[in-house]
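Engineer: Line by line, the protein sequences are chains A and B. Take the first sequence: its letter number 153 is residue 211 in my numbering, and every next letter is one higher. Take the second sequence: its letter number 75 is residue 65 in my numbering, and every next letter is one higher.
Heads up, some of the hints might be wrong.
[Stated by the list, open to error] Just a few of them, taken from the derived set where beta-carbon distance is under 7 Å, the chain B residues facing chain A: (1) S111; (2) T154; (3) T159; (4) T176; (5) G191.
Derived by calculation from the structure, the hints in this document are not laboratory data. Just so it is clear, CB atoms sit at the ideal spot from N, CA and C, and this is done for glycine as well.
In case you want the letters, here they are:
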Amino acid sequence: MSHIAAPAVRPLGVGILGAGPVTQAIHLPALARLRDILEVRHIMDVDPAVASSVASRVGSASSTSLEALLADPAVDIVAVCSPHQFHADQVIAACRAGKKAVLCEKPFAMNGEEAARIADASAATGVPILVGAMHTFDPGWLAAEQHWGDLPEQVHTIRSSIVLPPNARFEDFATEIITRPAPAKPDYSDIEVIKAMMQGGIMGLAIHDLPLVRRFTPDFGAVEVLQARHVRPFGYAVSLRTPTRVIELRAVMNSTWKPEWTFEAIGDDSALRIDFTPSYVQAGSAVATFSRGGETTTFGPYGHNGYEGEWRELAELASGGRRAPSAQALIDDLTFALAISEATVQNVAAGHLADTEKAGATA
Amino acid sequence: MSAYTVTATPQAEEAGAVALAVASLPATFGPAAEGREADVAVIAGEAGWTTEAARAVETGSRGILVVDPVPETTTQLAAAAEAAQAVVVLDLHWASNPALVGESGDPDARDAVRSALGTSSLMDSVATASPGTDPQRLLARHLAAVLAVSGQLHGVSVLRSGATGYTATGRLANGAPFTAQGVLTTARPAGVDIRLYTADGGVAVQVPDPDAAWPAEVRVTGAHGELLLPTLYESAHRCAWRRLKDHLGAGTQPDDLAGFARLTDLYATLAAT
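The following block holds chain A by itself, in its conformation from the complex:
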């Protein structure tokens, strides 16, 4: 049996709010690869059985309340992995509890007012906040960022295309899930269901890549929705435009086994394409490919993905080795996503109404 040396410096303690599939299948496996710098010390979930079961896997304390986790002195970093509507209040509470850093799963707020409250709390307490937009921490993306030169100014077209099987396929490759939400049977004839699914598509799926899109969209504040179409069983076809950019977002979550997750930024004679690995599995980083003048240059794949990347960055933030990301950038990312989400929902509702009227006219 090999000897595992004790780390020279005590790892930073991690507390996680919410012990659902993302925590079980993404964060705990990522943290298991970083045991020299990070250690899970507290798991909170409103379901006591889930909290204690997940905690027992990593040898941590467990609880069912936010307060108990925040009061735990062994917790240096708080990860907010609860349902979206709790994010803002929990992030602010973690800042006020004097923790060293906070990770908030995307989206970190559901409106501008919440985002501003979070930014104020972070500024007042000095606690850095990192939003879990994992692709922005992917080594493939970071390599692209280092090498793209003036490409962001040259780009006229941006595409994000996501094809994924149901999450369970990759969750089961990553861990042994304790609880899993029951699959829903949506009523596609109900426009309120479609609106909710479109909002979920933008704020839950497109949001992974919207910070990337925004980096190539200097006039992101002037985004206009040209079309928003729901794709069954879950997905979207959304066409956006700003005065200088065309943005196409596609997503299909069906029962395929074959994931494809690509981001493209395209100019007249140069382009960047990034092929991301699927979430949940430790399948290394994205591969970034630049095309210019008939030549291609590739970066990656590297050995870890964006989730591990964000935990590495959190550890550096918490230990003071790195400056906190700009709160304004986080707010801009969020307001960009919210603007698209709201306009998308309006567009799909208007389209549904028009279809209904047409059907009535021809019936």
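Given the coordinates of chain A, assemble chain B onto it according to the supplied hints.
Structural biologist: This is chain B only, laid out in the frame that chain A set:
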């Protein structure tokens, strides 16, 4: 000695790489001697091509090959060709690629796509051409390729069109969304990429430009895994010429003009929106 002599307008010669295509079927086609009437007339598919083709029929051409035609009403030309028993073949930029519509039961993109349409949830397609390409011309090539494999499209409209490309939208027969994006860039390979997503996979069709014999790729993904259909190292241009040869030899009429009418009809509805 070739069976049929060929003459091409300079514009058609360049657009259709005619010399190369003819040289690849040397037992069948050869250049006409200067000043002699040719058996086959090759014309470029610019506006007015149907009139030019009808004139070629009138002057006795046995075969007419039209390179990259723009949408135009073909009714009169079809009638003239039938009356004269002339063969009119359209060399469509992407849609004539042999991987899209095969012969005599060979597996092809059309069968793959049509057999998957019943459970389709989205058809997403992207056409790429170099900057400076007329977006309307690109859209016509794009829709011709999609129509070749998909069957009817409904409610198609153009959401935007400009110097960097276009976005068009519509519906498949089962109501699933159809999107067509054109991108003008030299940084992506020129060609058209058609993706049909279904309940458990889908079909991916990548068609290259016809200026070389690089093959289209048709991949069918499902519970079985992924199947790459046999690759065909033949350009769209040569495939069109081979069909012309077959029809001339058999004395049969191709359905190119009737099929092209679907594109023309669709294009007319786009112009009206």
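Engineer: All hints, please: hold or fail.
Structural biologist: Outcome of the hint check:
For the restraint placing S111 (chain B) at the interface with chain A, the shortest Cβ-Cβ distance is roughly 5 Å, inside the 7 Å limit, so the hint holds. At a threshold of 7 Å, the smallest CB-CB gap from T154 (chain B) to chain A is about 4 Å, leaving the interface hint in force. This hint holds: T159 (chain B) has a C-beta 5 Å from the nearest C-beta of chain A, less than the 7 Å allowed. Using the Cβ-Cβ criterion of 7 Å, the hint placing T176 (chain B) at the interface with chain A is satisfied: the shortest such distance is roughly 5 Å.
Hint on G191 (chain B) holds. Least Cβ distance to chain A is approximately 5 Å, under the 7 Å limit.
The structure meets every hint from the earlier list without exception.
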